[in-house]
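Residue numbers (the working numbering), protein chains in the order written: chain A, 1 to 300; chain B, 1 to 273.
Treat the hints with care, since some could be wrong.
To be verified - So the derived label-pair ranges between C-beta atoms look like this: (1) B/A45 x A/R197: 52 to 60 Å; (2) A/G246 x B/R99: 44 to 52 Å; (3) A/I279 x B/L5: 39 to 47 Å; (4) B/R99 x A/P213: 28 to 36 Å.
Since the hints were made in silico from the structure, they are not lab data.
Backbone N, C-alpha and C define an ideal beta-carbon position, used for all residues, glycine too.
Listed below are the residues making up each chain.
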Amino acid sequence: MNSKRSSLSDQSFGLMLLSPAFAFLLVIAVYPIFRVLWLSLLTQNLGTGLQPRFSGFDNYVRAFSDGHFHQTLANTCLFAFAAVSVELVLGLFFALLLRRSFRGRTAARTIALLPWALPTAVLALAWVWIFNDQFGVLNDLLLRLHLLEKPVAWLGRGDTAMFAVIFADVWKTTPFMMIILLAGLQNIDRGLYEAGRIDGANAWQQFFFITLPLLVPSIMLATLFRFLQSFGIFDLIYVMTGGGPGGATETVAIYSYNTFLRYLDFGYGAALIVITFLIMAGIAIVIYWPLSRARGAPSA
Amino acid sequence: MKRWLFYLLIWIAVAFCLAPFLWQIITSLKSDAAITAVPVSYYPAEATGRHYAELFQRKPFARYLWNSFFISTVSTFLCVGFASLAAYAIARLRVRGSRIFLGLLVAIAFFPPVIFFYPLYEMVRATGTANHSIALIVPYVTFNLPFATLVLAAFFRGVPLDIEEAARVDGFSRWQLLLHIILPLAAPAVATTALLTFINCWNEFLLALTFMTGDSAKTVTAGIASLSGGSSFQIPWGAISAAVVVSTLPLIVMVVLFQRRIVEGLTAGAAKG
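Could you put the whole structure together from the sequences, leaning on the hints where they help?
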């Protein structure tokens, strides 16, 4: 039907509808990206009296030999890979449990959703309290169970602090993984399991030959989302350790935040962010591009 | 799997999710002496509401809550409004340029938030809007647009075309059709996106921390992080746990009431992203 009863054409009405959202995106999201790119080519810090001076790729060269930056980059990679892989295993486990029907399933699903919905920065404080060396409940439990002989200053040592922030992140974001995987599980045709049983497949075989292969698109989607998020992690670590002790848990997001607001080194802070983003995008493409080609899975 | 084993695993999973939060509740009800008792006491001999009272007396905590509520509500309202309009255009109108818009939406969603904070900080300073709610509302609207628009567009595509045709035949104008027919039909999807947007705004930390430095302008996330400041010897754990409990309560209520909708929204968002 082509009844153009109304005075507006699709084109002008559509543009009218798109324009508020478009304006917000342009000014608040697109402009900052270009601003950061431009800023990364300037030197603007205490040395230049906070005046911008064009310096080409100087900031990038500087980052190349900045040991602290390399350290934070390594921390970020460790954090992202450890957190996302544990979350994947745990999230899959929770999803398989909550897929069955049982009394109280709705209540269990609601509770499992809670950690995801609560504010990270606030719950980070809850974890600081749990990991407290003197009065923390974790030390107390481990001492009572005789798994520890004396209290551990979890957030006071580099390796245990990294463990603590990863643990807290796993708690916080496993629900997200679970929800996406649960949705994927519910799309699997029940008839396949029926057929599998008739062919004599046991529970493990059903899992490895039916569930897992069909879940690959959901797994890729969920891990990609989580990888991008965890690579830019800020709030959890900022509140739990501030990047300490001695930079042991400092991620690139925290380093660049400090470079901007504490060291007032704006050009360099921008360069750090650009490099980080490129590395993140690179890893994501290397991991997910071949997989998405091979599987024909939904791409972004 | 054995039945008892299954239930045991469920209980372990549930305990894992709840334990940190329950521990905050218990801590918040203990006296200061009980909080710093070694070994730890797991059931306070007597519960006290002192830390909750303290929270509202010593720090403008009610103010933080109101700021979070106001900023999140206004941002959600604007975001879902703009997203509905844009989503309808994407789903139902043939607009040249809408593919560019769509590409932009998806691309923005992939950038980590830390990329945006400094240029936005410059803008906030240039416009003198630090410590004003608009400094957070504008970015909150923007950064929730991709998710909201994509989910709503998916929903609009599912609305049968005959409904629109019928309304046009009945003489509805384009705006009337959108506002009186399509949006009411989309109410469930609008509610889902609004819930998730609200949760995102309530939980945002980086921009709130940077733009809201005045005590009366802070949102709960920024305000609570500043509670722990001060000397490391006198961290007020009682007050902090009370703050954690109070600031998460609104979200817990939302999750309990709207669990199904939130799950739908998350799944749809991931699938569309």
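Right, here's what the structure says about each hint:
A hinted range of 52 to 60 Å for the beta carbons of B/A45 and A/R197 is consistent with their spacing of about 55 Å. A hinted range of 44 to 52 Å for the beta carbons of A/G246 and B/R99 is consistent with their spacing of about 49 Å. At roughly 43 Å, the beta carbons of A/I279 and B/L5 sit within the given window of 39 to 47 Å. Checking the proposed 28 to 36 Å range against B/R99 and A/P213 shows it holds: the Cβ atoms sit about 33 Å from each other.
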